Amino acid sequence: MIEVRDVTKRFGTTVALDAVSFRLGEGEILGFLGPNGAGKSTAMKIITTFLAPDEGTVTVAGIDVLEQPLAVRGRIGYLPENVPLYVDMNVHEYLEFVGRARGLQGPRLKERLDWCIEACALAGELKKPIVELSKGYRQRTGLAQALIHDPDILILDEPTSGLDPLQILGIRDLIRSLASKKSIIFSTHILQEVPPVTDRVVIINEGRIVADGRIGDLARQTLGGDPLFERDVDAAATTLARGRAGELVELHKSRIALEDLFIALTKRSAAGRGVARHV
Amino acid sequence: MSNVLTIFRREFAAYFNSPIAYIFIIVFLALNCGLFMTPFFLTGQADMRDFFANLPLFLIFFIPALTMRLWAEDKRSGTFELLMTLPMRSAEVMLGKYFAAVAFYLVALAGTLPVPIMVNVLGNPDGGAICAGYLGAVLLGALYMAVGVFTSGLMRDQISAFILGMVGCFVLFLLGMPAVASTIDGWFGGFGAFLQNAFGLMPHFASLTRGVIEPADLAYFLGLTTVFLVLNNLWLEGRKY
Chain A
28 MIEVRDVTKR
38 FGTTVALDAV
48 SFRLGEGEIL
58 GFLGPNGAGK
68 STAMKIITTF
78 LAPDEGTVTV
88 AGIDVLEQPL
98 AVRGRIGYLP
108 ENVPLYVDMN
118 VHEYLEFVGR
128 ARGLQGPRLK
138 ERLDWCIEAC
148 ALAGELKKPI
158 VELSKGYRQR
168 TGLAQALIHD
178 PDILILDEPT
188 SGLDPLQILG
198 IRDLIRSLAS
208 KKSIIFSTHI
218 LQEVPPVTDR
228 VVIINEGRIV
238 ADGRIGDLAR
248 QTLGGDPLFE
258 RDVDAAATTL
268 ARGRAGELVE
278 LHKSRIALED
288 LFIALTKRSA
298 AGRGVARHV
Chain B
-12 MSNVLTIFRR
-2 EFAAYFNSPI
8 AYIFIIVFLA
18 LNCGLFMTPF
28 FLTGQADMRD
38 FFANLPLFLI
48 FFIPALTMRL
58 WAEDKRSGTF
68 ELLMTLPMRS
78 AEVMLGKYFA
88 AVAFYLVALA
98 GTLPVPIMVN
108 VLGNPDGGAI
118 CAGYLGAVLL
128 GALYMAVGVF
138 TSGLMRDQIS
148 AFILGMVGCF
158 VLFLLGMPAV
168 ASTIDGWFGG
178 FGAFLQNAFG
188 LMPHFASLTR
198 GVIEPADLAY
208 FLGLTTVFLV
218 LNNLWLEGRK
228 Y
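Protein chains in written order, with this note's numbering: chain A, 28 to 306; chain B, -12 to 228.
Don't read these hints as lab results, they were simulated from the structure. All of these numbers come straight from a predicted model, not from anything done at the bench. Accuracy of the hints is not assured; some may be wrong.
Unchecked claim - Quick partial rundown of chain A residues pointing at chain B, CB under 8 Å, derived from the structure: (1) T75; (2) N109; (3) Y164.
Even glycine gets a Cβ: it sits at the ideal position worked out from N, Cα and C.
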């Protein structure tokens, strides 16, 4: 659905993206990881046609972002890092505005509004001015805005930043529930956010892709050993316990986590040893 | 077209969602009409020429106050990114915003309509001149708006946008003043006169307030307005690179 090929973007003398390439298939969820300032947002802005690449090409659903930006924008739902809300409007007015601006009207607009309000649990806040909303509701309103036209592709820039754990769970569940029908890229600098949602990651550091693949494969390749991730622990425990009924005394959880992988990879990229790729 | 209308509706409503609309209308009407009344009753002439003559100077302050938020606010709050990733051309977003500001100015201007009614009741004015004067006021406002919306785009901060817009309008105003033109002529022979003819505002506006509607004056206002809107759109398109 999305193909980024050798994209370079400079701001003055700073190289924000340096020959970045990755792709995202239909119905896939991609965790886009990297420290702050690594180039995640820049890459997302280029995919959503907000910025143009200096070099390289980006196609979304086969459409080139430079040739037909409007067609690309129509396919994408985008939640920028800085949630774009009109604070003088209330939630309903705002979502209706974005819906109309995205070409919805009449019963279709109403249907989509109802769906988004339900999916993002906004029903109680509809008539509240956005300026009075809590951070969590602002984030959800931003997400509802990205979903209003039922796009095939979702680009979410730090969708969980600044939320409390319960709110993070809510957003996570929502992203997972959308996964079957949509291709999703979400960025985060919080590594623990990724495994519960997807195991496909692209790790970017200082404008370069340092890893692209499944977390497990990347960990095996980079760190050696067989990492056990938290999402698998329960299943593994059950299997083990079933296999040797009564004999399981203690289960030790391997702590090879995403942080180790991330630190290893970003250090390695600093040493110039290239890209780990396991697609 | 429906895209322009969507943006227009949101921006027009935004004026009334904040106190700026009401403050603007009250101050604009009080100042414009108030300053007109004293000389009007002193001279006892049933025309509105003084009323329109004040506008080019007044609007230098009023119009940038309306346009300063148009892009600067979006850039600051992040909604700029939303607007520029909507499936519509940047020109459509810009025109929606521009027309909303112009429409708001027209509402304020409509508030001055009791003045011509009063003049009509008290005397026997030249209706044509008053109509041409209003046409001039609309065109003048539209031009200042185009300058203001353009300068708002260059700035992230509303105050800077306001000041830059004011400077832009003031330059157009000054270039049309004979004193300024002759001073520039003193530095570079003929250049001041050229600037006055090409960009100066006052000669074109003055002939409208006298009741003369010349195609050249209309072309000046509409042409220069278009130039600033096109510049604004170029900036919007060029921002990506």
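Quick rundown of the hints versus the structure:
no. : hint : result
1   : T75  : holds (5 Å)
2   : N109 : holds (4 Å)
3   : Y164 : violated (16 Å)
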